[in-house]
Each structure stands twice: as C-alpha cells, then as structure tokens.
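Given only the sequences and the hints, what does the whole structure look like? Please build it.
Each residue of the sequence shown is one higher than the one before, counting from 75 in this note's numbering.
You may find that some hints are simply not true.
Listed next, with one range per pair, are the computed distances between beta-carbon atoms [to be verified]:
1. D581 to D197: 35 to 45 Å
2. K195 to D572: 46 to 56 Å
3. G285 to D677: 44 to 54 Å
4. L452 to E313: 29 to 39 Å
5. A317 to D197: 25 to 35 Å
6. D701 to A670: 12 to 22 Å
7. K633 to T77: 53 to 63 Å
8. E695 to G285: 35 to 45 Å
9. Q91 to E695: 51 to 61 Å
10. K168 to Y521: 52 to 62 Å
11. G547 to K298: 46 to 56 Å
12. K459 to A187: 50 to 60 Å
Calculated directly from the structure, the hints in this document are not laboratory data. Using N, Cα and C, we set each Cβ at its ideal position, and we do this for glycine too.
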Amino acid sequence: MDTQVIEADTIDAAAEQILIELEEGPARDMSSRNNVFYFDGWDGLGASAVLRAIARRLTAATSKQERPVASSVGSISVPTGLEFEHVIHVDCSKWESRRALQRSVAMQLGISADVMEMFDKQDEEDDFHGVAQDSRVELSQVVKEMYQHIQKLNHRFLIIFHNGSSEEINLARCCGFTLSGYSTNKVLWTFQGRLRLKPQAKVDSAMKSAGMTDAFLSAIPLNKDPQKLWPYLVHEEAEELVAAQHNINTVPHSKIDQPALVEECLLYMLELCSRGHQSIDYDFTTHGAGYWICDGIIKQHPQNERDIDDDGADDADGLWITANALRREVQLDEEHHQYSPSSHLARFVESKPYWASPTYGFSRQIPIPKGDMFQRYLDKLRVLKLSRCSFNFPSAPFRCCHNLRFLWLDHCQVTEISSSTTGGARTEDSDDIRRCFQSLWVLDVRYTVGCSHILSAQMLDLMTHLRELNVIGAHYWDICQLKGRLPNIRKLRVQNYDRLCCSCSEDDLFTETNKMELLDFSGNTTDDSMKSLCGPRVGKSSTSLETVIIDGCTGLLEKISFSGCINLKNILLSGWLSLHTLDISSTAVKTLDLTATEIYNLDELYILYCEKLCAIMWPPEDKRSKDKPHVTLENQQ
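Structure, rendered in structure tokens:
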C-alpha cells in the first residue's frame, strides 16, 4: 500500500491535492493498483469534511449536461482524468450494518423496486430469527443485480464512503463495483468523521485484515500554527455534525448555538483526556453528557438555573436530551486519547491554563481533606470527584459549594455522621450540606463506606433535581430509601451490591420515578427481603423506561417484571440469574435475547400484548433448565 502525506492548512487545500491523486493517468495496465484511496485527515480530524468538499464539487461537475475537458467548480478545478459520470456519496458514519450500506448504494444506483424489496423481506426474516442489526450482511442476490446494473450503465464511478464500522469494507464484494484490472472506477473513503477520531493504530490494523486499499493519505500543516489548526479542524467537524444531525437540538426553548456547542464540548472532553493522563478515571461512557451539563458547557437559561423542576422543566429536559444526543454522536476513543494524545492535541492543551493539586490528587494514603480546601472556589466549583478521602459528613469539604452540580465519591470513607443532616438539630454545617445536595444533578457513589447515610431517605428527599444516580459497591444500604423519591431521575444504576435488601414492597419501589429512562441492576446479590424487581406500575406513573440492564444477579431474586412499560425497547439480560418468572408484557421489546444468560430455574415467561416482539432467543441447552418455561402469550395480536 502506497503511503502519502499531504501538506495543507485548510479543507479546500487538502481536497485540491486529493483530486490530483485521484486523476487517472494514460498509462493504465492490469497490474496498476490505484483505485481505492483512504484519507485519515490531520491525525483523524477533518477527513470527513474533505471528502464532503470533494463530493460537492465533483457532483456539481457531473450534473452539468456538457462538461469541458477542464471545468472549474467552486474553488476546485476538475481536470482531465477526473471525469466521473456518477459520483456516489455514502455516509455511514453512524454504522448500522453492511446491509444498510448496500441498501444505500443500491438506492443511489436506482436499482429496481423489486430488487429493493429483497431488503425488506430479508430484514423481516432476520427480525423473526433475532439477527442483530449490526450483524446483517449484504445480500448476494442483490450484489449480482447491482453488478449487472452497473455494467449496463457503463459509467465511470467515484464512490465516496464514510465508514463508521471497525473494518475495511470490500465495495466490490458488497456492492458489485469493479475496482481492479483496467477499471477506472475510484473509491475514496475514511474511518474518521463526526468527531470519531479513530486512532491510526486501529486504522492500520483494520486495513491489514482486508488489504483492499491501494493508497493511504494523511495530512500535516503546511504553514499554519498547529495551535490554530486544531480549533479550525474541530470547528469544521462541528459544522459537519450539526448539518447532518440538525435535530440534535430537540427542544426549541434551549436556544443553543449548535456548531459552537459541539466544538466546545469536544475540546472540553479532549482536554480532560489529555490532562488526566494515566491517573484519573473520568468514565466518559457514563458521564460524558453529565460533564457538559454540570460544568456549564451546555447552559440553561439563567432564570431556570435553580428551579428546573417547576417552570423550567421543559428547558432543563431539553438540555439533557441535547447533551445525550450529542454524546451519542461524539464517538471518541477516550482511552487512546488519554494515554496517547495526538501531537496537535497535546500542544493545544499545553497552551491552556489549568490548576492541579498533587497533594490531594495523588496521595497513596487515604487523606483527610481540610474543611476549607474549596473555600476559594465556592461559587465556581460545579464538578467534583473525590477519591480515597475520609471526611466528616456534615463538615464535608464541599459543603459550601452551593453551585456544585456533579459529585463523585470513589472509595471514600464518610465518618462521624451527625443526626443533624438526617432530621436532628440543625447546624450551620448541616444547612450547608443540605443546600449542596439540593443543587446536585448527578451523584455517583462507588465503594464508599458510609454511603447509607448519604443515601438516606432524608438526604434523598432533598435531591429533587437529581437526574442521574450511580450506586456501585454499596454496603448496608436499603434500596427502599428510593421509594417515592427522585422525581426527576433519568438514569439509575445500582450495581455490584453485596446482600442488597429492600424493606418495603418491591412492587412500589419506583412509584415516583416516572421520568426514569435507564435502569441498570447488574452484579447485585439480593437477600430474602428482595425477591422481585418490578418496573413502574401501570396507572401509578408514566412509562418513560426505555432500557433495562441486568448483567448477572445472584441471591434470591426470583421475579423480574416490567409489565406495562410501553416504551421499554431494550432489556439486556446476561450472566447467572436465579429467575423463576420473567414478565415483559405490554412492552416494545422487539427481540428478547437470553443467549448470554444462565437461567436454570425459569418457569414462567409472560409476553402478553408484546405486539412488536419478533423473536425469543434461548440460552444454550447447558445454560438452562431441561424443561422449557411456560410461555403465556394469550391475547397477543
């Protein structure tokens, strides 16, 4: 594979040089390999924008009825050797499957309706066999039809392909294009785009497996200062993402300048990656959107800053919807950028001022932080993570940080708990800690001794603004404290709890969590006080719940029921489950996948009124009871 480096400072300049590389010379022979070109951009950035610039100009050129030998379109000329009768531009940055790619190309080729119907028929059949969307491959009969159609057209093609998968795609095998021998068809493709920033090591590994690419192109600055080039490229990526996903801003009241928002969010995340190096776990998968909201990158209207559950509810909801939608688009390899930031990212971050505290950040012993350590940042501190610290709860070092929105306690020890925070006599410290917890939007408590006091009923009553709660590795906490509380919670994760107990009726546990969208109950061991896990009861709360994750749950949990959760689309079960009864009646689940579970005791499965259910996929025979459970599906249409 030929490797070439392009020197360019702008998107258009890079596009000009790539067009030169795409030119077809007169001396073409059977051994020539210059049909398939990969462009990686500037360390991953800008590649997709360059491909779009080329597509716009060549598409405009081919649309003319009469093209001169050397025509000029926009700022990019189209000389001899670049005359394509057909430019196919396929954006699969948000990857679905090889079949979705094939369908998109077939549509642009104008394949007949009867051939296109093959996709629908095969998709329907795969639905009933429980084939995952990302596992659906191209249809061989359609490839044959596409090949014949391409031969009849007798056109010279340029395929511009944004590949959102993790592997190189053979477009000859998948879509019927001739890309070898005397063929003058060309492919220009990239893994990068929409802020994916796939590391080059992974790009190289993916391309070695297929070996279809003839030339690897990348870009470096020509004259531009790298510290100025980086923000320019990020801005170009932001403009592209917003243009493609114009519905990210789903609530008009939020009034967000979207390109600027995307740019700032990406730079914020990359700066954290580079700052953290190998010492800080930011857990972007869980908290990416939360950081943007809580640290003020995505802002609320000032009048709704403190009152998000009343008149400002719609506005605040819109911000979280926007942040989560944007987080789904930004597919960074955070681990790579944290350990091996690109050269221009490192230089950009080094140019920014920052504050760090080695004393508190890297102590090997469990430190006791001073009560006034955040005194200088009372009105500024919005996101805080404390690791392996010990503190008195009423006198917590963050108690006066009333603008704190995000609090993460990791392997901490909460000591000398005073009753003043849990209903006893009021003190100045207890009033401060109450105001602090009242303002929280995200609370993450992991393997922290004393968390039962932080998560007491009295404290949870204060957290009416809380949107996300993570409780991991808790000790001696009664999950019943959640009952009738957290009215604004969207994501609830209770994981890796040893001997989880519930002193109230499990059926009423989530009566007030009528906005909850995600429930993760993985890795818990329940005692005899909690034998069932039930979703919101029909008629008592709305059914916002969309995703349930239970990756292993041991102990005495015998029943899981989410009956009536009409928006529940994903129930992800895996690991060992001591279930006797599973009820997903009246949900929107399409495929019930039990292949990753061990369910030796399952006796009853209820799937009444599951109108979208197409397939039930059972575990292997050695992972389930010899007798299949009784399946109740009466009244199902």
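Is it true that the C-beta distance of G547 to K298 lies inside 46 to 56 Å, as the hint says? holds (48 Å)
Tell me if the beta carbons of K168 and Y521 are separated by a distance inside 52 to 62 Å. violated (35 Å)
Note whether the CB distance of G285 and D677 lies within 44 to 54 Å or breaks it. holds (52 Å)
Take the C-beta atom of L452 and the C-beta atom of E313, compute their distance, and say whether it sits inside 29 to 39 Å. Since L452 and E313 have Cβ atoms about 38 Å apart, the given range 29 to 39 Å holds.
Range first: 53 to 63 Å. Now tell me if the beta carbons of K633 and T77 are that far apart. 59 Å Cβ-Cβ, so the 53 to 63 Å window holds.
That 51 to 61 Å hint for Q91 and E695 (C-beta), does it hold up? holds (59 Å)
Consistency of beta-carbon spacing, A187 to K459, with hint 50 to 60 Å: holds (56 Å)
Holds or violated: the 35 to 45 Å window for the beta-carbon distance between E695 and G285? Holds: the Cβ-Cβ distance is about 40 Å, inside 35 to 45 Å.
Is 25 to 35 Å a correct range for the gap between the Cβ atoms of A317 and D197? holds (29 Å)
Does the Cβ-Cβ separation between K195 and D572 fall within 46 to 56 Å? holds (50 Å)
Does the Cβ-Cβ separation between D581 and D197 fall within 35 to 45 Å? At 38 Å between Cβs, range holds.
Is it true that the C-beta distance of D701 to A670 lies inside 12 to 22 Å, as the hint says? Given range 12 to 22 Å: holds, Cβ gap about 21 Å.
The structure is inconsistent with hint 10 alone, although it conforms to all the rest.
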